[in-house]
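Those protein sequences? They're chains A and B, same order as listed.
All letters in the first sequence, in the order written, are residues 791 to 1272 by my numbering.
All letters in the second sequence, in the order written, are residues 10 to 456 by my numbering.
Careful, some of the hints might be misleading.
Unchecked claim - For lysine-lysine, the following DSBU-like pairs were computed, each having C-alpha atoms within a straight-line distance of at most 30 Å:
#1 K1171(A) x K252(B)
#2 K1171(A) x K1249(A)
#3 K404(B) x K344(B)
#4 K252(B) x K385(B)
#5 K252(B) x K1137(A)
#6 K1245(A) x K252(B)
#7 K1171(A) x K1051(A)
#8 K1171(A) x K385(B)
#9 K958(A) x K989(A)
#10 K385(B) x K1261(A)
#11 K1245(A) x K97(B)
#12 K1137(A) x K404(B)
#13 K1261(A) x K989(A)
#14 K989(A) x K252(B)
#15 K1171(A) x K344(B)
Since the hints were derived computationally from the structure, they do not count as laboratory data.
None of these values were measured; they are calculated from a predicted model.
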Amino acid sequence: MGTSKQNLDELIRKDYEHGFVTDIEADTVPPGLDEDVVRAISAKKGEPEFMLEWRLRAYRHWTTMREPEWAHVHYPPLDFQAISYYSAPKAKGAGPKSLDEVDPKLLETYNKLGIPLKEQELLAGVAVDAVFDSVSVATTFKDKLAGMGIIFCSFSEAVHEHPDLVRKYLGSVVPHTDNFYASLNSAVFSDGSFVYVPKGVRCPMELSTYFRINAKNTGQFERTLIIADEGSYVSYLEGCTAPQRDENQLHAAVVELIALKDARIKYSTVQNWYPGDEEGRGGIYNFVTKRGACRGAHAKISWTQVETGSAITWKYPSVLLEGDHSVGEFYSVALTNNRQQADTGTKMIHIGRNTRSTIVSKGISAGRGQNAYRGLVKVLKGAHDARNYTRCDSLLIGPRCGAHTFPYIEVRNPTAQVEHEATTSKISEDQLYYCMQRGISAEDAVSMIVNGFCKEVFKELPMEFAVEAQKLLGISLEGSVG
Amino acid sequence: MSAVMEPGEHYRVDFERLCGDLPGARTPWVRRRREAALARFAERGFPTTRDEAWKYTDPGVIARRAFAPAPAAAPVPAPEALEPFRIKGLDCHRLVFLDGRLAPDLSDVGALPPGVVAGGLARTLEEAPDSVEDRLGRYAGDEDNGFAALNTAFLTDGVHLHLPPGAVLDRPVHVLHLSTGAGDGTVVHPRNLVVAGAGSRAVLIETYAGLHEAACLTNVQTEVLLGEGARVEHYKLQQEGDKAFHIADTGVYLPARARYRSHVIDAGGRLVRNEIRVRLDGAGSECVLNGLYLLGARQHVDNHTVIDHLAPEGTSREYYKGVLEGHSRSVFSGKVIVHPGARYTDALQANHNLLLSENAEADIRPQLEIYADDVKCAHGATVGRLDPDALYYLKSRAIDEDAARSLLIYAFANDVLDRLPLEPVRAYLERTLTARLLHGRKVEELI
């Protein structure tokens, strides 16, 4: 097995595919953060007064907060004054009116990433809002969606075009005081996506955002707000990449989902930020706050995430189950290899009657990766007949990685039924032997077993994402067996 | 003067008043340890809910009160008063502690195998302090727990069980810790030390109870040190009064092939915390932690376990169950840490809670931290009510609602009692606990 192991080691060292830098002139605010920077960002975006006020409130609150330390991750303290809080590709003139006006270099970047916007527009399928560093570059399929009353645009545009909606819902799920990184984001966020699906409308295609950090020493702070009005349905996909750099970059996003009565939101993420090199140099710090609120009866929010990138992931997509009979779901695959660290999970807060939640978390640790599931299931007093099922499985590959589980369960209603199960195991010699005996190579066998391990989550992903996710896992894992 | 005292400051005043008279006060190392512990307590104070380990249990009610040490000479109760805590049919070595001090007149140790010590720690500290110098405090939780530090500072008396290598105790040791105080606000700090030499065997049964309904604090610290291949079976029956505070910390050390089994039964107390920390430090060691809590009224019971797997081929099993009525609240935190190199570790943990009241609350925190790959670890936790189908089944067989409920609750709790190997203890608990669960009726009468 000696030579095959060597090959495996080579495979596992496979380089980050998306580590190129695009040479584009950018309009960047000098590093540092104070009220003037917040004002400058707001001014650059020509925002109305209420936005500036909101940002300043968030900034002032942020200055009173301390970085959270409870997560099972280790990293040197961040210098928040060394980060540039705004970077935008320098617009030629007034900014692109259509795809044809977008800087061809930018489009090339997206082509390299495998999301050719033009093709996307032609092929019926996904409508993409692409965010490059901090600014939304282009949104496809806008007209078609607008015909159905669906608003899908960049956040800045929404602030101008639909200020009432923004004002009503911004910060209603993740308030500007929520946590250290959410407050920071509220103060400095530069762009993101905005979706509004009107009453009774079923969004005919998957909406998608592609995030990319390009400039050096910048943080990316995007903000996504999705509102599904009564009886509507929307499926939203999010993907992320970043160039390869030696220093760590901060990504602190906030995502807010609001599902009104009978509405359904499906939110899928494939996160593939640059994870740093083998020795843990560089990589993205992915400190993200994602939360959805089921505001009406029979609303449903479903989070599906595949987390393979980032040096550190700190993220807990949660659901507030306020409406009676509302449903929350969380399906997650988190992979840590080399020196990656992940502390991720979910919170399901049962408030309404007959609320249901399902949590399926699959953690895979290889190399020196540290992978933690942290979750809370809380059943409040009024949540009669609430139901939760949680399953957390960890797979360990190699003797130097770690897998951890920190679930919290708080039940205050006797009619609630809460179940939690967790297991930890490794790929057994027997399983490998069985496959190899049948002529399947070690790496294929591992890939097969891991895909089987994650199947429950992958089947929740939209088709094209599921394929990408499987590929990503394959790349990172093949050859981890020795 | 009390107006300017910091909270907890009076413990220092009490310490200075008492330390000269505490057992072993003339032995320098004992004195040094007491003083160091007091300094640690002064520095850290009591934990608060901001400490992750105390998130769900607020020690504030204890910290805000000024508990005074129980008087050294406790009134000796009439023998009948001890009767409810006797385990019928149990042939045992008996030790009785009144307010944290050994009462020789009430105790009946009887004949012991050669070299075995089963007595009070105070006596050992007075007569042979050197025999415990390098053991006492080795696995205590002083470092990060204010309660444990306070216990060491006021270290007075408790069980000292010592077994030389190969010694086998045929009969169990039953220890009764009684609080005699009729008034509120006294504190005792029992300190137990169990040293079981290589290949030795012992069964220790501890009962904690109060003679009166009083808001007293029992702050226990227990250290259990096993030798290679030793086996210790440890029962703890906590039957404190409804107003009592009971904080217990147990540190267990297991070298190769040692086996420790703990059975903690909580039936009493107002605010109770049982912390058990086990270090599996030798290959092939094994630990079993069972627990049952039956709570009502405003009882709060927190079972907090930490199992460190430091060596290969260790096995740990945890099985805790609870029934909650009234405004009671239970907390279960179970942490299993598999350290690098602890290959072939096999760890299982389960916690199941039955919520029977609108106002009860169950908080569960099972945690796994794993740093080795060839391991088998799992945990499961549930909270729920009685199964309506099972109720329906019984009712359809002409068993009335009340009886059907009682039967199901009984079956749920009995599952833990069935795991107790010692028959007389099981029978004793069935009598005392099921009487409560079944509201005085017998199981046979229900069917």
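Okay, the hints, checked on the actual structure:
no.: 1; hint: K1171(A) x K252(B); result: 26 Å, holds
no.: 2; hint: K1171(A) x K1249(A); result: 34 Å, violated
no.: 3; hint: K404(B) x K344(B); result: 40 Å, violated
no.: 4; hint: K252(B) x K385(B); result: 42 Å, violated
no.: 5; hint: K252(B) x K1137(A); result: 35 Å, violated
no.: 6; hint: K1245(A) x K252(B); result: 52 Å, violated
no.: 7; hint: K1171(A) x K1051(A); result: 22 Å, holds
no.: 8; hint: K1171(A) x K385(B); result: 36 Å, violated
no.: 9; hint: K958(A) x K989(A); result: 17 Å, holds
no.: 10; hint: K385(B) x K1261(A); result: 28 Å, holds
no.: 11; hint: K1245(A) x K97(B); result: 56 Å, violated
no.: 12; hint: K1137(A) x K404(B); result: 38 Å, violated
no.: 13; hint: K1261(A) x K989(A); result: 37 Å, violated
no.: 14; hint: K989(A) x K252(B); result: 57 Å, violated
no.: 15; hint: K1171(A) x K344(B); result: 27 Å, holds
When the structure is compared with the earlier hints, violations turn up for hints 2, 3, 4, 5, 6, 8, 11, 12, 13, 14 and for no others.
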